[in-house]
Amino acid sequence: MQEYLIKSALNKKIIVIDGLKEILLELSREGNNLNQIAKKINEGEQKDIKEMKNKLNNLWDLIEKILKESNK
464 MQEYLIKSAL NKKIIVIDGL KEILLELSRE GNNLNQIAKK INEGEQKDIK EMKNKLNNLW
524 DLIEKILKES NK
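Be aware that the sequence shown starts at 464, since it is given in our numbering, and climbs by one per residue.
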C-alpha cells in the first residue's frame, strides 16, 4: 500500500494484474513440489524425472502468464 501511495504521489505508472495473487500462490506451490521431486531424484528415485519435467513446464507457463499480464 505504501508503495502504491508513493508512486501515485510521484505520478508513476501503476500496474494492476488481476489474479496475480492466485498466480503467485500457484507458482509457490509448484516450486515446492519441484523441490520435493528434486530431493527424491537426488536420493536415487529416478522415476520422478518425468514428473519433474512436467512441473518445470508448469512453472514456465505460470511465469509466462505473469509476464504477459504485466506487459499489458
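In case anyone wonders, no lab produced these hints; they're calculated from the structure. Quick caveat, the model's predicted, so the values are computed rather than measured. It cannot be assumed that every hint is accurate.
Said to hold, decoys possible - With a straight-line cut-off of 30 Å between C-alpha atoms, the simulated DSSO-like cross-links for lysine-lysine are:
1. Lys518 to Lys502
2. Lys513 to Lys502
3. Lys516 to Lys503
4. Lys484 to Lys516
5. Lys484 to Lys518
6. Lys531 to Lys516
7. Lys531 to Lys484
8. Lys516 to Lys476
9. Lys503 to Lys518
10. Lys503 to Lys513
11. Lys513 to Lys484
12. Lys531 to Lys513
13. Lys476 to Lys528
14. Lys503 to Lys528
15. Lys476 to Lys502
16. Lys476 to Lys531
17. Lys502 to Lys528
18. Lys528 to Lys516
19. Lys528 to Lys518
20. Lys531 to Lys518
21. Lys516 to Lys502
22. Lys528 to Lys513
Unchecked claim - Label-pair distances were calculated between CB atoms; the ranges are:
23. Lys516 to Asp481: 27 to 35 Å
24. Glu532 to Gly494: 15 to 23 Å
25. Lys502 to Glu527: 22 to 30 Å
Even glycine gets a Cβ: it sits at the ideal position worked out from N, Cα and C.
Status of each hint after checking the structure:
Between Lys518 and Lys502 the alpha-carbon distance is near 14 Å, which keeps this suggested pair within the 30 Å criterion. Among the hinted pairs, Lys513 with Lys502 is consistent with the structure: their alpha-carbon atoms are about 14 Å apart, no more than 30 Å. Between Lys516 and Lys503 the CA atoms are separated by roughly 14 Å; this keeps the pair inside 30 Å, and the hint holds. Only pairs whose Cα atoms come within 30 Å are accepted, and Lys484 paired with Lys516 is accepted, the gap being roughly 25 Å.
Between Lys484 and Lys518 the alpha-carbon distance is near 20 Å, which keeps this suggested pair within the 30 Å criterion. Pair hint Lys531 plus Lys516 holds up; C-alpha atoms about 23 Å apart against a cutoff of 30 Å. Distance check on the hinted pair: Lys531 and Lys484 sit about 15 Å apart at the alpha-carbon level, within 30 Å; holds. For the suggested pair Lys516 and Lys476, the alpha carbons sit about 37 Å apart, so the restraint of at most 30 Å is broken.
Of the supplied pair hints, the one linking Lys503 and Lys518 holds, its CA atoms being roughly 14 Å apart against a limit of 30 Å. Distance restraint check for Lys503 and Lys513: the Cα-Cα separation of roughly 13 Å lies within the 30 Å cut-off, and the hinted pair is therefore satisfied. For the suggested pair Lys513 and Lys484, the alpha carbons sit about 28 Å apart, so the restraint of at most 30 Å is met. Distance check on the hinted pair: Lys531 and Lys513 sit about 27 Å apart at the alpha-carbon level, within 30 Å; holds.
Taken as a hint, the Lys476 and Lys528 pair is honoured in the structure, with Cα atoms around 20 Å apart against an allowance of 30 Å. Proposed proximity of Lys503 and Lys528 is supported: the alpha carbons are some 29 Å apart, at most 30 Å. Among the hinted pairs, Lys476 with Lys502 is inconsistent with the structure: their alpha-carbon atoms are about 42 Å apart, more than 30 Å. Taken as a hint, the Lys476 and Lys531 pair is honoured in the structure, with Cα atoms around 17 Å apart against an allowance of 30 Å.
Using a Cα cut-off of 30 Å, the hinted pair Lys502 and Lys528 holds, with the two alpha carbons roughly 27 Å apart. Distance hint between Lys528 and Lys516 is fulfilled; the C-alpha atoms sit about 18 Å from each other, no more than 30 Å. For the proposed pair Lys528 and Lys518, the alpha carbon gap of about 15 Å is at most 30 Å, so the pair holds. Using a Cα cut-off of 30 Å, the hinted pair Lys531 and Lys518 holds, with the two alpha carbons roughly 20 Å apart.
Restraint check for Lys516 and Lys502: satisfied, since their Cα atoms lie roughly 14 Å apart, inside the 30 Å limit. With a CA separation close to 23 Å, the supplied pair Lys528 and Lys513 stays within the 30 Å bound. One distance hint, 27 to 35 Å for the beta-carbon pair Lys516 and Asp481, holds here, with the actual separation near 30 Å. Under the hint 15 to 23 Å, the C-beta atoms of Glu532 and Gly494, about 19 Å apart, fit the expected range.
Here the CB-CB span from Lys502 to Glu527 is close to 26 Å, well matched to the stated 22 to 30 Å.
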